[in-house]
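Participant: As a plain string of letters, each chain reads:
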Amino acid sequence: MNISYNWLKDLVKIDLSPQELATKLTSVGLAVEGIHEAGDDFVFDIDITSNRGDCLSHLGVSREIAAITNAQLRIADYDSQKPANDRNLVSIQDADLCNRFTARVIHNVKITHSPEWLVKRLEAVGERSINNVADITNYVMHELGQPMHSFDLNKLSENRIVVRRARTGETIKTLDEVERKLDETMLAICDAKKPVAVAGVMGGFDSAISDETTHVLLEVAYFDRANIRQTSRNFKLSTEASHHFERGVDIENLIRASNRATELICELAGGTAGEFVDVYPTKFTPNEIESEDIQFAVKRLTGLEVESNEILRIFAALGITFAIRTPKTTTFTTPSWRHDLAIEEDLVEEVARIVGYDKIGEELPSAFGAGEYQPTESRKKSLRRTLVNLGFNEAISYSFIDTRHDERFDLIPSFVVENLDEKYVSLEDSIIEGATRMRPSLLSGLLDAVRTNLNHQRRDLKLFEIGKVFSASEKENDLPNERELFALVLTGNETLQNKAMPLREFDFYDAKGALEAAASAMNLPALDFHPKDVSHLRRGQSAEISLGGKAVGTIGRLNDEISAAYKFRQPVFVTEVDLETLLEAKEKTILYQPLPVYPSIVRDVSLLVKRDVSFADVQRTIAEQKFELCRKIEFVDVYEGAGVADDQRSITIRLEYRSDERTLLEEEVETIHGQILKVLETNLNAKQRF
Amino acid sequence: MSEEKKQIEQIRQSFQTAFAGFVHLHKEIKDLTLADAESYQRELAELKTKHTGKKSELANSKKLIGRVAPEERGAFGSFVQSIEREITTAIEEAETNLKNFIADAKIERERLDVTLPGTQPREGHLHLLTILRQKIEDIFVSMGYSIEDDREIETDYYNFDALNIPEGHPARESQDTFYTTNGFALRSQTSTVQIRAMERRGVPIRIIAPGRVFRRDTPDLTHTPMFHQIEGLCVDKNITMAHLKGTVGEWLRRLFGKETRIRLRPSYFPFTEPSAEFDFSCFKCGGTGTFESERCRPCKGSGWIELGGSGMVHPNVLRACNVDPQVYSGFAFGFGLERMCLLMYSLDDIRLMFENDVRFLEQFR
Numbered sequence: 001m002n003i004s005y006n007w008l009k010d011l012v013k014i015d016l017s018p019q020e021l022a023t024k025l026t027s028v029g030l031a032v033e034g035i036h037e038a039g040d041d042f043v044f045d046i047d048i049t050s051n052r053g054d055c056l057s058h059l060g061v062s063r064e065i066a067a068i069t070n071a072q073l074r075i076a077d078y079d080s081q082k083p084a085n086d087r088n089l090v091s092i093q094d095a096d097l098c099n100r101f102t103a104r105v106i107h108n109v110k111i112t113h114s115p116e117w118l119v120k121r122l123e124a125v126g127e128r129s130i131n132n133v134a135d136i137t138n139y140v141m142h143e144l145g146q147p148m149h150s151f152d153l154n155k156l157s158e159n160r161i162v163v164r165r166a167r168t169g170e171t172i173k174t175l176d177e178v179e180r181k182l183d184e185t186m187l188a189i190c191d192a193k194k195p196v197a198v199a200g201v202m203g204g205f206d207s208a209i210s211d212e213t214t215h216v217l218l219e220v221a222y223f224d225r226a227n228i229r230q231t232s233r234n235f236k237l238s239t240e241a242s243h244h245f246e247r248g249v250d251i252e253n254l255i256r257a258s259n260r261a262t263e264l265i266c267e268l269a270g271g272t273a274g275e276f277v278d279v280y281p282t283k284f285t286p287n288e289i290e291s292e293d294i295q296f297a298v299k300r301l302t303g304l305e306v307e308s309n310e311i312l313r314i315f316a317a318l319g320i321t322f323a324i325r326t327p328k329t330t331t332f333t334t335p336s337w338r339h340d341l342a343i344e345e346d347l348v349e350e351v352a353r354i355v356g357y358d359k360i361g362e363e364l365p366s367a368f369g370a371g372e373y374q375p376t377e378s379r380k381k382s383l384r385r386t387l388v389n390l391g392f393n394e395a396i397s398y399s400f401i402d403t404r405h406d407e408r409f410d411l412i413p414s415f416v417v418e419n420l421d422e423k424y425v426s427l428e429d430s431i432i433e434g435a436t437r438m439r440p441s442l443l444s445g446l447l448d449a450v451r452t453n454l455n456h457q458r459r460d461l462k463l464f465e466i467g468k469v470f471s472a473s474e475k476e477n478d479l480p481n482e483r484e485l486f487a488l489v490l491t492g493n494e495t496l497q498n499k500a501m502p503l504r505e506f507d508f509y510d511a512k513g514a515l516e517a518a519a520s521a522m523n524l525p526a527l528d529f530h531p532k533d534v535s536h537l538r539r540g541q542s543a544e545i546s547l548g549g550k551a552v553g554t555i556g557r558l559n560d561e562i563s564a565a566y567k568f569r570q571p572v573f574v575t576e577v578d579l580e581t582l583l584e585a586k587e588k589t590i591l592y593q594p595l596p597v598y599p600s601i602v603r604d605v606s607l608l609v610k611r612d613v614s615f616a617d618v619q620r621t622i623a624e625q626k627f628e629l630c631r632k633i634e635f636v637d638v639y640e641g642a643g644v645a646d647d648q649r650s651i652t653i654r655l656e657y658r659s660d661e662r663t664l665l666e667e668e669v670e671t672i673h674g675q676i677l678k679v680l681e682t683n684l685n686a687k688q689r690f
Numbered sequence: 001m002s003e004e005k006k007q008i009e010q011i012r013q014s015f016q017t018a019f020a021g022f023v024h025l026h027k028e029i030k031d032l033t034l035a036d037a038e039s040y041q042r043e044l045a046e047l048k049t050k051h052t053g054k055k056s057e058l059a060n061s062k063k064l065i066g067r068v069a070p071e072e073r074g075a076f077g078s079f080v081q082s083i084e085r086e087i088t089t090a091i092e093e094a095e096t097n098l099k100n101f102i103a104d105a106k107i108e109r110e111r112l113d114v115t116l117p118g119t120q121p122r123e124g125h126l127h128l129l130t131i132l133r134q135k136i137e138d139i140f141v142s143m144g145y146s147i148e149d150d151r152e153i154e155t156d157y158y159n160f161d162a163l164n165i166p167e168g169h170p171a172r173e174s175q176d177t178f179y180t181t182n183g184f185a186l187r188s189q190t191s192t193v194q195i196r197a198m199e200r201r202g203v204p205i206r207i208i209a210p211g212r213v214f215r216r217d218t219p220d221l222t223h224t225p226m227f228h229q230i231e232g233l234c235v236d237k238n239i240t241m242a243h244l245k246g247t248v249g250e251w252l253r254r255l256f257g258k259e260t261r262i263r264l265r266p267s268y269f270p271f272t273e274p275s276a277e278f279d280f281s282c283f284k285c286g287g288t289g290t291f292e293s294e295r296c297r298p299c300k301g302s303g304w305i306e307l308g309g310s311g312m313v314h315p316n317v318l319r320a321c322n323v324d325p326q327v328y329s330g331f332a333f334g335f336g337l338e339r340m341c342l343l344m345y346s347l348d349d350i351r352l353m354f355e356n357d358v359r360f361l362e363q364f365r
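These protein sequence lines are chains D and P, in that order. Position one of the first sequence corresponds to residue 1 (the numbering used here), numbered consecutively onward. Position one of the second sequence corresponds to residue 1 (the numbering used here), numbered consecutively onward.
Treat the hints as calculated values from the structure; they're not laboratory data. For glycine and all other residues, C-beta sits at the position ideal for the given N, C-alpha and C. Don't take each hint at face value.
[To be verified] Here are the simulated EDC-like pairs of lysine to aspartate or glutamate, each with C-alpha atoms no more than 16 angstroms apart in a straight line:
no., chain 1, residue 1, chain 2, residue 2
1, D, 381, P, 137
2, P, 300, D, 362
3, D, 475, D, 421
4, P, 258, D, 362
5, D, 499, P, 113
[What the hints assert, rightly or not] Reference listing, derived: stretches of chain D covered by chain P, where coverage requires no fewer than 3 residues with Cβ under 8 angstroms from a Cβ of chain P:
no., segment
6, 25-37
7, 59-73
8, 339-347
9, 381-390
10, 419-426
11, 445-455
12, 569-582
Based on the sequences and whatever the hints tell you, model everything.
Facilitator: Here it is, written out as structure tokens:
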């Protein structure tokens, strides 16, 4: 909102420089965003909050200045002419949407250009001069905050005005030359036959004043705020008029505004004032606010100690009157231009902002109790820290994704209710093209991130994300399911900081290792990995992850089809797990184990097995024998290729033997080791290679 | 000269001939390459074996001592010894020279370029938003606040009604809020957590709620349809705006330094009354508006950084949570984390926050 310094000085005495004034205005809540010089004038760009429609004019800002500086407003009454209530000229059929309507006829007007002072004033506040009558209505709006509209009287059928809801099917070509369809939710200003203006939003093209106009009908009215807002939204048409009306104008200011405009039109366009009609079916009733002790209320909420005289001075300056009704309560009455004052707290704010928020001290509330993080935060912190140490960057992606990802990913177990017609959560409409789905998986976001980085020639990537996913709830009227997941992606090569030469290409086990490290950082029991076909993963390189027998997610290499869709030309490994479920698992209890006293004996053995025998099979087979002295089964290496049949591979494991009571003898170990090898051969057909 | 002595002389002669190539070594050694030195070393070792080893002529010559006449034996013995010493000294000297030279040359050869990069695993980076969120959470937890979070998809009740944003209020218009096809709202502010937390915990309460919020803003330099807010709420008996100012001041001072000043400006939010925007003196220029004699970037030369909204919790909001506004009062504040990041790091495009470009992510720690 542009406000002219010189214009303000016409309305209130100002002893402050533009800079000083700007600071003061900002301090009472009229945030001055900038000051621009305009000839001999200064223009303030003020950000007016939506509750302060009364400040959308020079009069409104002047009132604030008067309250700050204790100056008097210099505002003429312009009450030159008292209106009549002529129902022939104006009739209001829908008084719920039009609380007051005044119309003034001005005869023998000559439409021409405006005098220089008027052009300059309007230019200062950013308005272009059109013609004298249009400029005057604009001028009065900027001065008094009341939008108004001038009709060419001769173009109004039967020279009269009917204010009513529009009828479905009615149309109007508005001043911007757009043909608009009206409906009965909208208030129209009509002549005897048809709508001639969209009330409070924009006038009609055909009834507008033109160079030929000689008789003007000047509309100055008050419309229902919510209705104007709704109409303006429906048309996606926000005008200065609608902006004012939806924030609320001063219903008691209409006569003054009409007289002010009429006076100027008579003076500058040579007209003579004619009939003046005021139809005011819904009389203004001010808000009455009861307060037992406003001084105490101010102190209770703001800590400010303000003298009651000062409080009353502030209220008087702001137009708030009071009456002591009972010995205990005072009733404050709000002025017609303030739509935002309804409760005692509002009055407290009025006092505090005029006294100055800078007068409020700084205190800390007295001690209360210990602060606490979210219960899961410390484990999530470890998770994040571990992954970062492993070289993963943390991604944060949009929660909404494209519907083309539907069914692309196997989602975490038991999250989506499969038999629903609409399993996912969708937005009514989107801002980012196509992105109407609330993500059921973090993977699409991470893969988009991979794409972005590959496009920037970053081929070695490790990313993770922690965030919520969404699915429709089983019952239609229940809030959707939300769950926090953890996902990671890696592709390319392991590299060192500041070294161009990569160490080696990432594989499945890098993803698995990172996930295991993450689980370990959260002090979880070991995760289990079972081979499983997963629709977004390459067959044979995918697994289901479970914790304590409960499936919690998947891991593997992205399949070729999705890779191709993303134009990935290198293997990409992904995992996604249900973090909420993981965090529900109790942390492992850590108990000290006495350090070994006796030395251990270690045996490496390479086992030739069929390819479908897994390391876990080997591990389990040995563990099932419960050899007390066999303390550890470690993986050493796996070999396939020359010297090993196509359907076989060689798994090398390391077995550690130790007793807590004595130093083991070689022969004892040989016996157990031999038994183990025998069991492996019997159960898994595993032959010792060397 | 006796025959024996002559023989010894011959041994000496033949050694000297063989050793001729090493005589000048001690002078020229510094010009040798390591390979030459090593080959000299090998040759010298052979020469040593040949001239002083068990089967050498010198060793054999000891037998001559027995052959000379007994009265000459002493003198002859001394002579043989002196020749032997002469030979071994010459060899040892050359050996030592070579050995030292080779050792030095090898050390020299293994001299490292200490400016090559160290072997350092590539480290990752937390997202800028996580870094800032954790810092702020740490500060508030130390001030006795608990961290809260809740749903991201909400009912109109929690997103609007309970927050004193009645039907018809401009903030409720759908161009600001995303709706699901089932009519639920993506929360447009973390203030929803105020309500949920007060319902759960009752009052008195002190919480901070960081979280993701959604508004229907088309992405541009300063807007994204999703961003993060941190909301603070303190409700107790006798809470005033002075506590709001003190609390906001305290955390900003802990984040930006002791000199930081706070400014409240009257504003309007449906869920607070009185309402205030809170600004703090610019961390870069210290509030002067000028940094290194140029207009300060983060505060655009104003000396103040506008951070967020705040105020005293509206009585209707307290009532919605079954808290009696006659007995309790409280303050709330909220601000956008992305905006704070933009200011702190002079970022010029907020969309970078969600593009996950590692060239961006790796700049922060």
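Participant: Check the structure against each numbered hint from earlier and tell me which ones fail, lowest number first.
Facilitator: 2, 7, 12
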